[in-house]
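A.B. asks: Read off the chains here:
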Amino acid sequence: MKPDHDQQLEAAINAELRPLPEMVAPAALSDRVMRAIEQRARLPWYRRSWQTWPVAWQASSFALLLALFGGLCLGSWELPQTHTPALALHRVGEWLSGLHMIGNTLDVLSRAALLVVKKLGAGVVAACLISMALGYALCVGLGTVYFRLAFEKPKERSL
Amino acid sequence: MTDAQQFETFMRNYQNMVYSTAMRLLANSSEAEDVTQEVFLRAYERFGELAGSPTAGGWLKTVATNLSLNHLSRYRSRWSFFSELFASHPEGGDTPEPEFAAEVDPGEELEARDRQELVERALQKLPAAQRVPLVLYHLDGLRYEEIAEKLGVSLGKVKTDISRGREAMRRKLRLVLES
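Residue numbers (numbering that gives the first Met the number 0), protein chains in the order written: chain B, 0 to 158; chain R, 0 to 178.
Worth flagging that the hints you see were computed from the coordinates, not collected in a lab. Using N, Cα and C, we set each Cβ at its ideal position, and we do this for glycine too. Don't take each hint at face value.
[As the list claims (entries may be wrong)] Looking from chain R toward chain B, a few residues come up when the C-beta cut is under 10 Å (computed):
1. Thr20
2. Leu68
3. Leu172
[What the hints assert, rightly or not] DEER-style ranges, computed between Cβ atoms:
4. Gln4/R to Gly70/B: 42 to 52 Å
5. Gln4/R to Ala132/B: 31 to 41 Å
6. Ser59/B to Glu48/R: 40 to 50 Å
7. Leu133/B to Gly57/R: 48 to 58 Å
[Stated by the list, open to error] The calculated lysine to aspartate or glutamate pairs, modelled on DMTMM-like cross-linking and capped at a C-alpha distance of 20 Å, are:
8. Lys60/R to Glu166/R
9. Lys60/R to Asp113/R
10. Lys124/R to Glu21/B
11. Lys158/R to Glu21/B
12. Lys124/R to Glu166/R
13. Lys124/R to Glu9/B
14. Lys156/R to Asp106/B
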């Protein structure tokens, strides 16, 4: 495309777009905003954004967060350096005993899944996976069509 | 005058500008209203600073632009992907041309308001990928580099999209541009 054409087109589009006046906001918009402000004002302080909290609560929550962060940093630094690593590991092991149980369950489930794959054969499993993917694609496609049909804007009157 | 009344006056002074900014970027009135509402809710939280400030308009426009762009990237990406799959665009992503009724005479002088309405409609019918950089360039006066940074895309893509957008506008507005 020629540079002259581009420049002329840019100037022409600019000349059309620049003088566009502001659109008129819907008449009900200001009432809607004022209602939303009133609704927010009725919310308890802890459900509003942090910036609007009372200063004392802002300071307290900030201090609490700092303390938590500091504690976490200190803990992660001190734990590996403790003189009784066995004791520390034992405590950690106690905390993680719940996780160990979950791990066992997952292990059993994965073994069962492997057994199913061996018995059924890879072809059947692949077919199942493909049919699941197709089903997902179908759901997304139908959902898209539904959305397009249900929320399509009415066609504007031609000039 | 109470704070609420002062804010209402402040809002009435700027609501058209904020709504226009959102509407031209989003091309959807209900989404533009949602964004406008959110802009003014944020403005209310810092009304103490904004009231009487000469930069209030600029602040509102920046917030409206950013919220509109966030809205586009957050809620539209998946939908636009599928809607573009279904739409048949013969010229690489442009929407079908607006329907001009046969009785519109190309030589006939259009009133300024009609002309602006046509331009506005043509702009809103552009796909977001072309409309957004076009609006940021021509209406907000941003440079290509600033647009690329704001949208998180390459400079080349911005230039291409704006160029395609202008071409699409030219086709849609051929009657206006020729008059």
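A.B. asks: Look at each hint and say if it fits the structure.
C.D. replies: Each hint tested on the structure:
{"no.": "1", "hint": "Thr20", "in the structure": "holds (9 Å)"}
{"no.": "2", "hint": "Leu68", "in the structure": "violated (18 Å)"}
{"no.": "3", "hint": "Leu172", "in the structure": "holds (7 Å)"}
{"no.": "4", "hint": "Gln4/R to Gly70/B: 42 to 52 Å", "in the structure": "holds (48 Å)"}
{"no.": "5", "hint": "Gln4/R to Ala132/B: 31 to 41 Å", "in the structure": "violated (59 Å)"}
{"no.": "6", "hint": "Ser59/B to Glu48/R: 40 to 50 Å", "in the structure": "violated (25 Å)"}
{"no.": "7", "hint": "Leu133/B to Gly57/R: 48 to 58 Å", "in the structure": "holds (52 Å)"}
{"no.": "8", "hint": "Lys60/R to Glu166/R", "in the structure": "violated (27 Å)"}
{"no.": "9", "hint": "Lys60/R to Asp113/R", "in the structure": "violated (26 Å)"}
{"no.": "10", "hint": "Lys124/R to Glu21/B", "in the structure": "holds (18 Å)"}
{"no.": "11", "hint": "Lys158/R to Glu21/B", "in the structure": "violated (26 Å)"}
{"no.": "12", "hint": "Lys124/R to Glu166/R", "in the structure": "holds (13 Å)"}
{"no.": "13", "hint": "Lys124/R to Glu9/B", "in the structure": "holds (19 Å)"}
{"no.": "14", "hint": "Lys156/R to Asp106/B", "in the structure": "violated (49 Å)"}
Taken one by one, the earlier hints fail for this structure at numbers 2, 5, 6, 8, 9, 11 and 14, listed in ascending order.
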